[in-house]
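Chains A and B supply the protein sequences, listed in that same order.
Quick note, in the working numbering, the first sequence goes up one by one and the last residue is 947.
Quick note, in the working numbering, the second sequence goes up one by one and the last residue is 268.
Bear in mind the hints are in silico, worked out from the structure with no lab data behind them.
Just so you know, not all the hints are guaranteed correct.
[Claimed, not checked] Taking beta-carbon pairs under 7 Å as the criterion, some of the chain A residues facing chain B (in silico):
{"hint": "1", "residue": "Val663"}
{"hint": "2", "residue": "Phe665"}
{"hint": "3", "residue": "Ser667"}
{"hint": "4", "residue": "His673"}
{"hint": "5", "residue": "Ala686"}
[To be verified] Here chain B is said to cover these stretches of chain A; the calculated rule only asks that three of the stretch's residues, wherever they fall, bring their Cβ under 8 Å from a Cβ of chain B:
{"hint": "6", "stretch": "648 to 658"}
{"hint": "7", "stretch": "723 to 735"}
[Stated by the list, open to error] Simulated restraints, written as ranges between beta carbons of each label pair:
{"hint": "8", "chain 1": "A", "residue 1": "Thr811", "chain 2": "B", "residue 2": "Phe181", "range": "44 to 52 Å"}
{"hint": "9", "chain 1": "A", "residue 1": "Arg688", "chain 2": "B", "residue 2": "Gln161", "range": "27 to 35 Å"}
{"hint": "10", "chain 1": "B", "residue 1": "Gln161", "chain 2": "A", "residue 2": "Gly592", "range": "33 to 41 Å"}
{"hint": "11", "chain 1": "B", "residue 1": "Arg160", "chain 2": "A", "residue 2": "Ser622", "range": "22 to 30 Å"}
{"hint": "12", "chain 1": "A", "residue 1": "Gln691", "chain 2": "B", "residue 2": "Leu93", "range": "48 to 56 Å"}
{"hint": "13", "chain 1": "B", "residue 1": "Gly216", "chain 2": "A", "residue 2": "Gln691", "range": "54 to 62 Å"}
{"hint": "14", "chain 1": "B", "residue 1": "Gly252", "chain 2": "A", "residue 2": "Ile758", "range": "55 to 63 Å"}
Predicted model, so just to flag it, every value in this text is computed and none were measured.
Quick reminder that beta carbons are idealized off the backbone N, C-alpha and C, glycines included.
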Amino acid sequence: MNRTDSLTDLSNMTQETGFLDVVGAFKAFGESAVLKGVDLAVGRGEFVSLLGPSGCGKTTLLRMIAGLLAADRGSVRLAGTDITTLPPHRRDVGVVFQSYALFPHLTVAENVAFGLRARRAAQSEIDRTVRQFLELVHISEMADRSVRALSGGQQQRVAVARALAVQPKLLLLDEPFSALDRKLRETMQIELRRLLRELGTTAIFVTHDQDEALTMSDRIAVMNQGVIEQFADPATLYRAPATRFALDFVGLSTRIAGRVSEVSGDTLTIETPLGTVRAAGSFRPGAQVLVAVRPERVQLHNPETGPRTGETGSNQLSLRVRDLVFQGARMLVHFDSPDPMPIIAEVSDGEAMRLAPQPGMTLDFCWSPEATLLYPAQS
Amino acid sequence: MIARRLDPVALLAAPALIYLFIVYAAPIIYLLGRSIYTDAGWAFGAYTSFFADDFNWKVIGNTLRIALLVTLLCLVIGYPVALALARAKGWSQVILLAAIILPLSVGVVVKAFAWQIVLRRDGVVSQLLVGLGIWDEPQRLLFTEAGLVIGAANVFLPFMILPIYSVIRQIDPRLSEAGATLGASPWYRFTRVSLPLTLPGIVAGMAFVLSMTVSMFVIPSLLIGDRFQTLATLTGRSFLLMRNEQLGSTTAVVLLVLAVGIVVGSSLLARRLGRNT
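Next comes chain A alone, as it looks inside the complex (with noise of 0.2 Å):
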């Protein structure tokens, strides 16, 4: 695929799946299942985003993608090739490592050079490809630097480069950014997701870190205990995640337990320790549910000052305020809880500053049902 494709491609590539496909992904580590059964399906030119908390599997599977861990069970097919017993120097699955693995004998262009060379081109093409990437990733002034002379971030951009240089069908990253500051972080991701659309290589991206998945991918899977909770785009994962774990570790929100009391069409009416909430959902009469809502989602007001109610068929409950975090254009506000469960809300640093919120206040918590989540309550 060449780059004029692979642009034109954006739109419709998350589409299309099955130019990766990891089919009842199994690894064990003596009795303790790390991987329970993973299937995965990425499309051509896919940013896809491994989210999950430290020992959820995602590092055993992208090594199990790169053929540097043999799957108890499972297959990977890769571009309609079945890969699950080729060795790694075979797949051409390209990987940049947490801790970037440059070698330190060698200097920046060498590194960059290496897979070209392990692959016998000709070393007209080996200085061209050299330079262009090493202008991609903007260090082509460093290129007789040894790597051990280089910033984390300098070693970042060489593990890139490198690993591209032999545009592999499929680029691994582990954490790639992990040991970088925020701010170089945060430069870094953009440049990385540019460059990788310009060159249309497909990705999987490992990372602890929810901002960073939702800034960077296409599709994100969030993934649990050796199993994938939810695969979906940025903002389906955001808005309507699929299970408690996602919610719970993709943004902030407020979640109340509840009971359904009265189900009326797909209209449902919960009672919680702190009043009645209404929610679209299909739960039984009698169920025990979670209920809960995104921070931005919820609207504050003051009885006193402005006595009203929210919207028609809104959520209302009247809060107490325990804490306020301001965090410069926004503010949450944490109410007092029946339980150890979060009750927040985000106000606008205007909203803010006409709210006046103190602790100890007493505030009415709005939001339309629409914008309720409901899980069932865990047993």
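Since chain A is already given, all that's left is putting chain B on it; use the hints.
Chain B in isolation, oriented as in the chain A frame:
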């Protein structure tokens, strides 16, 4: 430029330096003196006559040839062992390490006598080679150069394995994986990544074994005997049998120069490699 003061911590080396001067440096200086001082005064006659004698050149040749062969044999056997040792985990590593280090606690004399049994005409090695069809009939390895090389390599093997192992252990295993994901075959990864990175360990191991084999005395005395002379055995004979202190001092100094040359040369080489790796 700011004048450098002596770091007080450096004084901690003083006891060792004083000890080494008394038991090591002083006798060697005395030895050197004996080789160039005669009743007639200072003279280098001992050296000119030493180097004029073809027999002595043959002894130097013997010494260097045996040392190089032993070192190469140790390297060929020791390198894979060092790799395995670095890769091993838990109990298997402990057992492997013990198997390498424990033989050091058995004296060289005991080991040399054990090898005399193994290297006999009806010994294990001979029987094995006949059994494998490599030899047509049993042969004696004892009192041959081959027997000496085999025996000496056995004694000095740990000094090759341990420095290489300590270098391999510090190499990030991800480097080889990175090479694999770039399309490099296992052999390419070994020659372009692992081997260059372990060179400092190889140099250190070779320096250890070389400097010990050029000066070994007991092993050649027991495994090959008087017909085959090295600098060390010749030194021993000069002092113990021929009572020729000047010849003994001369051969000892030649041997010392060789050993010092190996140690200094290899540490310079290791520093250069260390800078590049």
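Honestly, which of those hints from before does the structure not fit? Failing hints: none at all.
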